[in-house]
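A.B. asks: When you get a sec, could you build the whole thing from the sequences and use the hints?
Number of protein chains: 2
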Amino acid sequence: METTTKRTAMALSSETLLAHYQGHRNLTRRTIEAFPEKEFFSHNIGGMRTFAEMVMELLGIAGPGLQEIVSEKSAPLDEHVDHGNSKAKILKLWDEATEQINVLWPQIPTERFQEKILLFGMYEGTIISSILYFIDNEIHHRGQGFVYLRSLGIEPAAFYER
Amino acid sequence: METTTKRTAMALSSETLLAHYQGHRNLTRRTIEAFPEKEFFSHNIGGMRTFAEMVMELLGIAGPGLQEIVSEKSAPLDEHVDHGNSKAKILKLWDEATEQINVLWPQIPTERFQEKILLFGMYEGTIISSILYFIDNEIHHRGQGFVYLRSLGIEPAAFYER
Numbered sequence: 001m002e003t004t005t006k007r008t009a010m011a012l013s014s015e016t017l018l019a020h021y022q023g024h025r026n027l028t029r030r031t032i033e034a035f036p037e038k039e040f041f042s043h044n045i046g047g048m049r050t051f052a053e054m055v056m057e058l059l060g061i062a063g064p065g066l067q068e069i070v071s072e073k074s075a076p077l078d079e080h081v082d083h084g085n086s087k088a089k090i091l092k093l094w095d096e097a098t099e100q101i102n103v104l105w106p107q108i109p110t111e112r113f114q115e116k117i118l119l120f121g122m123y124e125g126t127i128i129s130s131i132l133y134f135i136d137n138e139i140h141h142r143g144q145g146f147v148y149l150r151s152l153g154i155e156p157a158a159f160y161e162r
Numbered sequence: 001m002e003t004t005t006k007r008t009a010m011a012l013s014s015e016t017l018l019a020h021y022q023g024h025r026n027l028t029r030r031t032i033e034a035f036p037e038k039e040f041f042s043h044n045i046g047g048m049r050t051f052a053e054m055v056m057e058l059l060g061i062a063g064p065g066l067q068e069i070v071s072e073k074s075a076p077l078d079e080h081v082d083h084g085n086s087k088a089k090i091l092k093l094w095d096e097a098t099e100q101i102n103v104l105w106p107q108i109p110t111e112r113f114q115e116k117i118l119l120f121g122m123y124e125g126t127i128i129s130s131i132l133y134f135i136d137n138e139i140h141h142r143g144q145g146f147v148y149l150r151s152l153g154i155e156p157a158a159f160y161e162r
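Chains A and B are the protein sequences, given in the same order.
Once you know that position 138 of the first sequence is 138 in the working numbering, the rest is easy, because the numbers rise by one and skip nothing.
Once you know that position 102 of the second sequence is 102 in the working numbering, the rest is easy, because the numbers rise by one and skip nothing.
Just so you know, the hints here were simulated from the structure itself, not pulled from any lab data.
Mixed in with the good hints, there may be bad ones.
Cβ-to-Cβ under 8 Å is the rule here; a few derived chain B residues that face chain A [unchecked claim]:
no., residue
1, L12
2, S14
3, L17
4, H20
5, I45
6, G47
7, M48
8, T50
9, Q67
10, Q107
11, F113
12, I139
13, F146
14, V147
15, S151
So these bits of chain B aren't anywhere near chain A, every CB distance computed over 10 Å [unchecked claim]:
no., residue
16, T110
17, D136
18, R142
Simulated DEER-style distance windows between Cβ atoms [unchecked claim]:
no., chain 1, residue 1, chain 2, residue 2, range
19, B, E111, A, D95, 34 to 40 Å
20, B, E79, A, K116, 36 to 42 Å
21, B, E53, A, S74, 40 to 46 Å
22, A, L118, B, A158, 14 to 20 Å
23, A, G84, B, E79, 42 to 48 Å
Beta carbons are placed, not taken as given, at the ideal position from N, Cα and C, and that holds for glycine.
C.D. replies: Here it is as structure tokens:
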């Protein structure tokens, strides 16, 4: 019985995961800030996307993804933002997404985390696997943004500061 | 009372987190494999470390970090490996760490995840925050490895394949 208890016990609370996600989003925000405006929208390496394009993907996933999880209404992924090459516009959208996530997150009853979903009508998984994907995908692309910054001679924020 | 239940409910099991970590480690393994041997040990961008140096950090953290969590005996972080510029040697150590993690992980009782630790005698946190850091740090550096590969004209494995 002890084994069974351990095997089904849980490691991470919903609140801790939200704080973890927002900590990462805060570091990504500081990574956006560190880019010169021109290079944010133009610099790339090896034919990859600009950091602005990666950030638009993150914006398309975070708020809309949680909205879909909460409302159970699916919409296609939209990675486009009319940013007008303005970092301030992107940062404003980033901050709005931060608020939206804080409002939506507590509306996910924890018993739903194992529920199967088809996010953006395309991506099969559970709610928890989808949310972990949001976070991992952001860390992955921000790591790439760090290389872009270094290649521009700019020191990124410390990875461990959130 | 309903609110209290929700607030303390848990989102992620220990088993799911282990599978998540090993899925990421499998993708990192394929990222190491994708590098030409010479560039794995020599290529960098913007004065950053080589991917081999980042991978030695990951090897220094994963097995030894879990060993410390399980044994409660602290040792300094060691990011050095006598690799002799051999990718095969690194991959062998990677696979040994995979096995070590699988053996050690179930020895962490889930009730310990919130326990405070000072990992490698230096890094303050809880067991769960430390393990999330292991994973996030690996995703971060692997994302950087992806840029190195792209800058060499090599297509990395798909991020969503684990």
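A.B. asks: Kindly indicate which numbered hints from before are broken by the structure, ordering the numbers from low to high.
C.D. replies: 8, 9, 10, 16, 17 and 18
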